[in-house]
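Those sequence lines, one after another, are chains V and P.
Position one of the first sequence corresponds to residue 1 (full-length UniProt numbering), numbered consecutively onward.
Position one of the second sequence corresponds to residue 1 (full-length UniProt numbering), numbered consecutively onward.
Derived from the structure by calculation, the hints contain no laboratory data.
The reader is advised that the hints may include incorrect statements.
Unchecked claim - With a straight-line cut-off of 25 Å between C-alpha atoms, the simulated DSS-like cross-links for lysine-lysine are:
1. P/K98 / V/K150
2. V/K43 / P/K98
3. V/K142 / V/K108
4. V/K32 / V/K101
5. V/K108 / V/K144
6. V/K101 / V/K142
7. V/K43 / V/K140
8. V/K101 / V/K43
9. P/K307 / V/K108
10. V/K32 / P/K307
11. V/K108 / V/K32
12. V/K196 / V/K150
13. P/K307 / V/K101
The residues making up each chain are set out below.
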Amino acid sequence: MAAPISIAVPGQLLGQASDFLPGSGTHIHNSKLYASILGPISKTIPPKSQGPQKRLTKITPAEPARPATVSIERGISLTSAKDGGKKAEVLPDVNSTVLCKVTRIAPKQASVAILVVGETVLDGEWQGLIRVQDVRATEKDKVKIFESFKPGDIVRAVVISLGDQSNYYLSTASNSLGVIMAASEAGNAMYPVSWKEYKDPETGVSESRKVAKPF
Amino acid sequence: MSDRRRVNGPSGGTHTPIFSKYLAKDVKELNRPTRVRAPNVLRKMFLKTGVTPSASGSAYLEMEPPRTRNAIGPGLASLSTSGLKLTCTVHGPRPLPKNAPFSPHIILTTHVKYAPFATRKRRGYIRDSSERDLGVHLETALRGVIIGDRWPKSGVEVIITILEGEEDQWWGDDRGRGSISAGEWGMMSVLSGCITVASAAIADAGIDCVDVISGGVSAVVRGSEISDRLSPGMLVLDPVPSEHEEIVSACIVAYLPGRDEITDIWVKGDIGYGSQSSEDNPSYEELTDNAVQAALGSHRVLVGALKETAALKLAR
Numbered sequence: 001m002a003a004p005i006s007i008a009v010p011g012q013l014l015g016q017a018s019d020f021l022p023g024s025g026t027h028i029h030n031s032k033l034y035a036s037i038l039g040p041i042s043k044t045i046p047p048k049s050q051g052p053q054k055r056l057t058k059i060t061p062a063e064p065a066r067p068a069t070v071s072i073e074r075g076i077s078l079t080s081a082k083d084g085g086k087k088a089e090v091l092p093d094v095n096s097t098v099l100c101k102v103t104r105i106a107p108k109q110a111s112v113a114i115l116v117v118g119e120t121v122l123d124g125e126w127q128g129l130i131r132v133q134d135v136r137a138t139e140k141d142k143v144k145i146f147e148s149f150k151p152g153d154i155v156r157a158v159v160i161s162l163g164d165q166s167n168y169y170l171s172t173a174s175n176s177l178g179v180i181m182a183a184s185e186a187g188n189a190m191y192p193v194s195w196k197e198y199k200d201p202e203t204g205v206s207e208s209r210k211v212a213k214p215f
Numbered sequence: 001m002s003d004r005r006r007v008n009g010p011s012g013g014t015h016t017p018i019f020s021k022y023l024a025k026d027v028k029e030l031n032r033p034t035r036v037r038a039p040n041v042l043r044k045m046f047l048k049t050g051v052t053p054s055a056s057g058s059a060y061l062e063m064e065p066p067r068t069r070n071a072i073g074p075g076l077a078s079l080s081t082s083g084l085k086l087t088c089t090v091h092g093p094r095p096l097p098k099n100a101p102f103s104p105h106i107i108l109t110t111h112v113k114y115a116p117f118a119t120r121k122r123r124g125y126i127r128d129s130s131e132r133d134l135g136v137h138l139e140t141a142l143r144g145v146i147i148g149d150r151w152p153k154s155g156v157e158v159i160i161t162i163l164e165g166e167e168d169q170w171w172g173d174d175r176g177r178g179s180i181s182a183g184e185w186g187m188m189s190v191l192s193g194c195i196t197v198a199s200a201a202i203a204d205a206g207i208d209c210v211d212v213i214s215g216g217v218s219a220v221v222r223g224s225e226i227s228d229r230l231s232p233g234m235l236v237l238d239p240v241p242s243e244h245e246e247i248v249s250a251c252i253v254a255y256l257p258g259r260d261e262i263t264d265i266w267v268k269g270d271i272g273y274g275s276q277s278s279e280d281n282p283s284y285e286e287l288t289d290n291a292v293q294a295a296l297g298s299h300r301v302l303v304g305a306l307k308e309t310a311a312l313k314l315a316r
C-alpha cells in the first residue's frame, strides 16, 4: 500500500485494523486504521520469534504472522526552526523518564519543573511533585526531603501519575533515579561519592542527596 | 466596552477619502466587480504552513481579490477591492494555568481578531461581538476534529488574525443605497477561511486530528438586471459579497471529507420556505450540499499544501 517514505495527512486511510497494529500518530475508526498527524508513514515488522521450531520430532502449526505496526513519525511536525532537530511537543506520560529541576522543597514534598521527557526537550515547563514516600524504595519512613534534594538540583525521575490539576507525580524510587547534577552551598558543581552523598571538589564538604547511580 | 488603553484613531474608514470625478456620477457607472468565475468555481487560494517560527504551528491563507470587468477605471487604491488574507498561529499543547481544574483532555481556546486595518471600516483593538461569534463557531468546528484524549492536562490556543477581511457588500452600495444593509455576508467567507487555515496550522503543530477539516461557503445570489421583477436566484460557490447585488441566503459548513461529517453549519438568510426546490428557490439541502462541494475544493488545496510542507521538512 504505502511506500516507506510516503507522507500521511490526518484522516488518511492506512489500512484495515485487522492487518496492522496502531502505532503512535494513528487512530482506529470503524475498524479501519487512519493517520491522525502529518508525517511520514513508518512500518515496523516485529521480529520472528525463535520458537520451538528446533524440535524436529514434533510438528507444530506455523506461527501466525504478527501484523506490522504502522505509525506516523512525530519528529517532523516542527516549525521551520534552524536547529533542524526540534521535536514536536511530547507530554509526560506514566512510566516515562523525565529530567527536572527542583524549584521548591517542603517537609513532605519537592516541587520540580519538568524540562525533558525521554529524549525530547519541552517548550513549556510542566510542574511535577516528588512526595516524601516516593523518594526511595526502602526505609521510606526515614526519608527527609531536605536530605534528598535542594532547589536547583537536576533530577532524573519517572512519572507515576498524571497527578492533580497542576502537578505530575514523580518518583525516584530506583537506583538509577535521583539527583544527577547538584551545586554545593558554595556554588560549585559537586560529584557523587556514595548513594546518598555528593562532595564539593574545592571545599571538600559533602552534602546529602538521593544520588542517581551514575552508570 | 470602550478601549481606554490606547490612543485610538478616529472611527470610520481606513481608506483615504476619494475626491474623484467618477464619484459624482451614478453609482452604476463605477465598475462594480463582477463574478467572472463560473458558479461552481472557487477563488484561487494560496496556503502555506510554518510561517511563524515562534509558534508550534502556523499557516497563512490568501484568496484571490475579485476583478473588475473593465480594469481601465481609476487606479486608486481606495477603489480596489480586497481579497481575504488570514494568518493563524497555534500555541501548544502547553501546561494549563495553575488555577485551572484537572482536565483529562486538551482545552481548546480560539481567538479570532480583525486587524484594525482589515476592513474598509476601521476595527477596534478589543474583540467585538462578531469576532467573538467567529471564535465560537471556529471552536465548535475544531472541537469535533481534534483527538483531545491524547493530550491530558494541556491547553492549545488557536489565534487567527484577519489581515484583510471580506467586505459585506460592494463599497459603492455603501452610500447610494444605504437602506439595503447587507447582513454581514462577509463573515461567512471569513469563517470558512478561518476553519481551513486553522486546520492547516493544527496539522503543522502536530496535534492529533481525526481528519483534515475544511470550510466551504455557498450562497443564493440575485442580480438586478431585470428592473421590473426580481431576477431568479442563483446558487454559487464561494461568493464574494461585493460581486453580487443581493445575497438571499448563504451557508457555511465545516466538513470532514474522510468521514463525511459536518462539525459546524451556519445558514443565514431566506431559505427553505418552499417545499420543492426549483430554479428560483433552491432548497436548504441543496444549499448545504453546495457548501460541502466548496469545502471539498478547499480540502484539496489543504492536503496539497500539507504534503508540500511535510516533504520540505523531510528534505532538510
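Results of checking the hints against the structure:
1. The straight-line distance between the Cα atoms of P/K98 and V/K150 is roughly 23 Å, inside the 25 Å bound, and the hint therefore holds.
2. A distance of roughly 40 Å separates the Cα atoms of V/K43 and P/K98; the hinted pair therefore is violated under the 25 Å criterion.
3. For the proposed pair V/K142 and V/K108, the alpha carbon gap of about 12 Å is at most 25 Å, so the pair holds.
4. The suggested pairing of V/K32 with V/K101 is violated, with an alpha-carbon distance near 43 Å, which exceeds 25 Å.
5. Our distance criterion of 25 Å between C-alpha atoms is met by V/K108 and V/K144, whose separation comes to about 8 Å.
6. The suggested pairing of V/K101 with V/K142 holds, with an alpha-carbon distance near 23 Å, which does not exceed 25 Å.
7. Taking the CA atoms of V/K43 and V/K140, the gap is near 44 Å; set against the 25 Å cutoff, the hint is violated.
8. With a CA separation close to 36 Å, the supplied pair V/K101 and V/K43 exceeds the 25 Å bound.
9. The hinted pair formed by P/K307 and V/K108 fails the criterion: a straight-line CA distance of about 51 Å is larger than 25 Å.
10. At most 25 Å may separate the alpha-carbon atoms for a hinted pair to count; V/K32 and P/K307 meet this at roughly 22 Å.
11. In summary, the hint linking V/K108 to V/K32 is not supported, as the alpha carbons are separated by about 49 Å, beyond the 25 Å threshold.
12. Using a Cα cut-off of 25 Å, the hinted pair V/K196 and V/K150 holds, with the two alpha carbons roughly 13 Å apart.
13. Of the pairs offered as hints, the one joining P/K307 and V/K101 is violated, with about 39 Å between alpha carbons and a cut-off of 25 Å exceeded.
Consistency with the previously given hints fails for numbers 2, 4, 7, 8, 9, 11 and 13, ordered from lowest to highest.
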